[in-house]
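Engineer: One letter stands for each residue in the lines below.
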Amino acid sequence: MMSKKIKKYISVTVFSITILSLLAGCSSSKKTDGSLATGVPTTTKISAMSILMSAQPPRIEGNTILNKIKETTNVDLDVSFVPSGSYKEKFNVTLASNSLPMATVVDAGMLRTTSVLSAISAGVFWEVGPLLDSYPNLKKFYSDQLVLDNCKIDGKLYGLPRPRVLGRSGLIIRQDWLDNLGLKVPTTIEEVYNVAKAFTLNDPDKDGKANTVGIEYADISVGSAGWNGIDTLTVAAGGFNQWGLEDGKIVPSFATKEYVSTLGWLKKMYKEKIMNQDFALVTGTKRADAFDQGKVGMAFATLDDAGSNTNETESGARPNLMSAVPTAKITIAPALSGPSGQKVPATPGHNGMVMFSKTAVKTEADLKKILSFYDKMATTEMIDLFTYGVEGVNYKVENGVKKSIADSKLADDSYALTMLILRPAQVETAEDKDITKQVNAAFTSNKKFLVVNPIEALNSETKNQVGGQLDKIVMDARIKYVMGQIDDAEYNKLVENWRTQGGDKVIDELTASYNESIKK
Amino acid sequence: MAIKRSKASNSFDLFNHIFLLLVAILCILPIIYVVGASLASDQELLAAKIFLIPKKASLEAYRYVFTTNVVPRSMLVSIFITVIGTSINLILTVLTAYPLSKKYVKGGKTILMLIVFTMVFSGGMIPTYLVVTSLKLTNTFWSLWLPTAISAFNLILIKSFFQQIPQELEEAAELDGCSQWGILFKVVIPLSLPSLATIALFYAVGHWNSYFPAILYINDPNKWPIQVWLRQIVLLSSGGFSNSSATSEITAIPPQSMQYAVIVIATIPVLVLYPFLQKYFAKGALIGGVKG
Numbered sequence: 007m008m009s010k011k012i013k014k015y016i017s018v019t020v021f022s023i024t025i026l027s028l029l030a031g032c033s034s035s036k037k038t039d040g041s042l043a044t045g046v047p048t049t050t051k052i053s054a055m056s057i058l059m060s061a062q063p064p065r066i067e068g069n070t071i072l073n074k075i076k077e078t079t080n081v082d083l084d085v086s087f088v089p090s091g092s093y094k095e096k097f098n099v100t101l102a103s104n105s106l107p108m109a110t111v112v113d114a115g116m117l118r119t120t121s122v123l124s125a126i127s128a129g130v131f132w133e134v135g136p137l138l139d140s141y142p143n144l145k146k147f148y149s150d151q152l153v154l155d156n157c158k159i160d161g162k163l164y165g166l167p168r169p170r171v172l173g174r175s176g177l178i179i180r181q182d183w184l185d186n187l188g189l190k191v192p193t194t195i196e197e198v199y200n201v202a203k204a205f206t207l208n209d210p211d212k213d214g215k216a217n218t219v220g221i222e223y224a225d226i227s228v229g230s231a232g233w234n235g236i237d238t239l240t241v242a243a244g245g246f247n248q249w250g251l252e253d254g255k256i257v258p259s260f261a262t263k264e265y266v267s268t269l270g271w272l273k274k275m276y277k278e279k280i281m282n283q284d285f286a287l288v289t290g291t292k293r294a295d296a297f298d299q300g301k302v303g304m305a306f307a308t309l310d311d312a313g314s315n316t317n318e319t320e321s322g323a324r325p326n327l328m329s330a331v332p333t334a335k336i337t338i339a340p341a342l343s344g345p346s347g348q349k350v351p352a353t354p355g356h357n358g359m360v361m362f363s364k365t366a367v368k369t370e371a372d373l374k375k376i377l378s379f380y381d382k383m384a385t386t387e388m389i390d391l392f393t394y395g396v397e398g399v400n401y402k403v404e405n406g407v408k409k410s411i412a413d414s415k416l417a418d419d420s421y422a423l424t425m426l427i428l429r430p431a432q433v434e435t436a437e438d439k440d441i442t443k444q445v446n447a448a449f450t451s452n453k454k455f456l457v458v459n460p461i462e463a464l465n466s467e468t469k470n471q472v473g474g475q476l477d478k479i480v481m482d483a484r485i486k487y488v489m490g491q492i493d494d495a496e497y498n499k500l501v502e503n504w505r506t507q508g509g510d511k512v513i514d515e516l517t518a519s520y521n522e523s524i525k526k
Numbered sequence: 210m211a212i213k214r215s216k217a218s219n220s221f222d223l224f225n226h227i228f229l230l231l232v233a234i235l236c237i238l239p240i241i242y243v244v245g246a247s248l249a250s251d252q253e254l255l256a257a258k259i260f261l262i263p264k265k266a267s268l269e270a271y272r273y274v275f276t277t278n279v280v281p282r283s284m285l286v287s288i289f290i291t292v293i294g295t296s297i298n299l300i301l302t303v304l305t306a307y308p309l310s311k312k313y314v315k316g317g318k319t320i321l322m323l324i325v326f327t328m329v330f331s332g333g334m335i336p337t338y339l340v341v342t343s344l345k346l347t348n349t350f351w352s353l354w355l356p357t358a359i360s361a362f363n364l365i366l367i368k369s370f371f372q373q374i375p376q377e378l379e380e381a382a383e384l385d386g387c388s389q390w391g392i393l394f395k396v397v398i399p400l401s402l403p404s405l406a407t408i409a410l411f412y413a414v415g416h417w418n419s420y421f422p423a424i425l426y427i428n429d430p431n432k433w434p435i436q437v438w439l440r441q442i443v444l445l446s447s448g449g450f451s452n453s454s455a456t457s458e459i460t461a462i463p464p465q466s467m468q469y470a471v472i473v474i475a476t477i478p479v480l481v482l483y484p485f486l487q488k489y490f491a492k493g494a495l496i497g498g499v500k501g
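Sequences listed follow chains A and B, in order. Counting in the working numbering, the first sequence runs from 7 upward without gaps. Counting in the working numbering, the second sequence runs from 210 upward without gaps.
Hint data in this document are derived by calculation from the structure and do not stem from the laboratory. It is possible that some hints are incorrect.
[Claimed, not checked] Straight line, CA to CA, 30 Å or less: simulated BS3-like cross-link-like pairs of lysine-lysine:
no., chain 1, residue 1, chain 2, residue 2
1, B, 345, A, 51
2, A, 145, A, 158
3, B, 432, A, 415
4, B, 264, A, 301
5, A, 255, A, 162
6, B, 432, A, 76
7, B, 264, A, 335
8, A, 96, B, 432
9, A, 94, B, 345
10, A, 215, B, 264
11, B, 432, A, 94
12, A, 94, A, 374
13, A, 292, B, 264
14, A, 301, A, 439
15, B, 265, A, 301
16, A, 335, B, 265
All chains, full assembly: derive it from the sequences and hints.
Structural biologist: Below, the structure written as structure tokens:
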């Protein structure tokens, strides 16, 4: 007869074993095999991690686009989506624990952070550059060598860049205000000033009240300067796009006379109250909101801020503005010109890359399989799949022209995947709304006027470490100058300050990095 | 006989009342703002510089929230996670605290020391992630329930409470032929209801508010709790996510009023829970077992 104690021990042990086996049984077995299936037409499985930019989950079951991809390329995409707000943290944790999937989206904000850079030097990611030549569709896809170059780290390409429009920044204007005052779209910085003045003083919205602001300016930090207009104005004046090359040395734009002359114009506009007086506090979103309220005449922004096909308005223009002021009309200014003709500051031209981890992609043969998948996705047929969808489901052909079927859920099925699949920077369709057509035309013509920022692919340790503080010095100097609190002499003193606090070191390191890169 | 209060005492009372009133207003202002903003139209929110109560109430934001079933479904997921999670928490915490509250349990002191140790030192995010993934718990709800199943702080709280229950009660029950389990369920737990209700609330709110473990371990967007979507909606509609150099491609930014509507919706269940638990706070305090 077993003693009470032993009975107790046995019952406890049995109990715990039951619980443990329940636990093991309950866990879902999502065995993502690292190795790719080989052999006769079996489906290749590619695991990926991508950013979710929307407020609702993508459709996986019954997703027409995914099914078509599987049908055409024989690849089963197993994507795990992470909300954009938390992507950085999830990426860092997965990176640090060596559990990256085969393909990972690494966006521009993360590409040159210390964690990714050290991962690259530790050999976590495959180098893709030399292999690109054997993929004809990918070669054609990357027609702008600049896009590839801007993604290189130490001169090497560690993934497939996700291209974005290069000539993207510009000026959006209220066309109806121009019409009301009989003015033309400004083409030089002086004309921008004159139009802004007229917009403020001459009651362009014809409501009898002096409640309009000529231009809404948002001073965001030097890092995202492309969108606040300073670089747009500076390059038009013949200057640099954030950084420039002079006599073999890398030079910061804010120390040049073109930049200071731009600040002079802003100072004038601020003083005469034809620019919003709270510019030091306004962010990009606030600027967009102010424009949408209908009391602002112009704003520097990305050209596609004027509108796009996805807006429900007839012309595609910004919906919030159109509902606030139904008679509003938006237009975009052409690339502004100065002493050296029309110029546009070039964006980096990419939003990061899709990178392939060596833990999940074990051999070069496996990598080649993935690259040939991307090559297939870079064909016109597959690019069109994302633009138009599946025939009969998302569009039908009428007179040789593709017409989309209403409510076909194309965006629901495709949008989430566009982060992972390479999309061309510009897409044009026959059904583009007026604003889209205008914006696309500007993107194309801007390619001729690009002023490139030479430090995109360069590296500087000091810049990584104290770049933020240095940027602050520049921003403070700029804001104080525009507000009239300091004059030229004091501005130059602050520039000197920037130099001594690490700026000179940054210049030296960037120049050295540049010299390295032209050697190759 | 009326108690005479000195002038100083009266003025102190007055000052106290005013001060507490101000603090109360400060606490409730954000709530009024959020509820008010959720009932306002998007235009009004964009236009107004200072905003508290909408001039024109509109249910537009709420209607927008329910156009997709993301919010209702994730709300159900959150409720599921909270209910099961809190039950697991309570069961495990009580079962661990009770033996540790008895002095005669061998090794009790050592185990308690180890548990307190974890309050100060923890593995960190990456090692925890490695442990959870190696146990194949990813994409299951167990990754949310097990790693923090017992909070050391709550454990010590309950243990101390158990120790305060007079030994005589338990001995009396044992004399009446009650088993150990019986003592636990019929004597100890009914007496501990206020503290149990308290830690149940702590655990429940913790589960309800957590979003990061879900993002880390759960890959299926349909299994994400409401806080993940709430955070996503708030970040998207305030443009806070954009990184410096690249895309401002935002096809469907939720309107500003939507973030407030989702906040209200996500807070309602917890607000509703409080009054129900208050009953248990009161109940436990009234049961007095020991006379004299």
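Engineer: If a hint holds in the structure, say so; if it does not, say that too.
Structural biologist: Here is how each hint holds up against the structure:
Proximity of residue 345/B to residue 51/A is assessed by CA-CA distance (about 20 Å); at most 30 Å being required, the pair is judged to hold. For the suggested pair residue 145/A and residue 158/A, the alpha carbons sit about 16 Å apart, so the restraint of at most 30 Å is met. At roughly 22 Å between alpha-carbon atoms, residue 432/B and residue 415/A fall within 30 Å of each other, so this suggested pair holds. Distance hint between residue 264/B and residue 301/A is fulfilled; the C-alpha atoms sit about 21 Å from each other, no more than 30 Å.
Of the pairs offered as hints, the one joining residue 255/A and residue 162/A holds, with about 22 Å between alpha carbons and a cut-off of 30 Å not exceeded. Our distance criterion of 30 Å between C-alpha atoms is met by residue 432/B and residue 76/A, whose separation comes to about 25 Å. Proximity of residue 264/B to residue 335/A is assessed by CA-CA distance (about 29 Å); at most 30 Å being required, the pair is judged to hold. With a C-alpha separation of about 17 Å, the suggested pairing of residue 96/A with residue 432/B holds against the 30 Å cut-off.
Taking the CA atoms of residue 94/A and residue 345/B, the gap is about 23 Å. The hint holds against a cut of 30 Å. Annotation: proposed proximity of residue 215/A to residue 264/B holds, straight-line Cα distance about 23 Å (limit 30 Å). Taken as a hint, the residue 432/B and residue 94/A pair is honoured in the structure, with Cα atoms around 20 Å apart against an allowance of 30 Å. Pair hint residue 94/A plus residue 374/A holds up; C-alpha atoms about 27 Å apart against a cutoff of 30 Å.
Pair hint residue 292/A plus residue 264/B holds up; C-alpha atoms about 22 Å apart against a cutoff of 30 Å. This hinted pair checks out: residue 301/A and residue 439/A have alpha carbons roughly 25 Å apart, not beyond 30 Å. Restraint check for residue 265/B and residue 301/A: the C-alpha separation of about 22 Å stays at or below 30 Å, so the hint holds. With a C-alpha separation of about 28 Å, the suggested pairing of residue 335/A with residue 265/B holds against the 30 Å cut-off.
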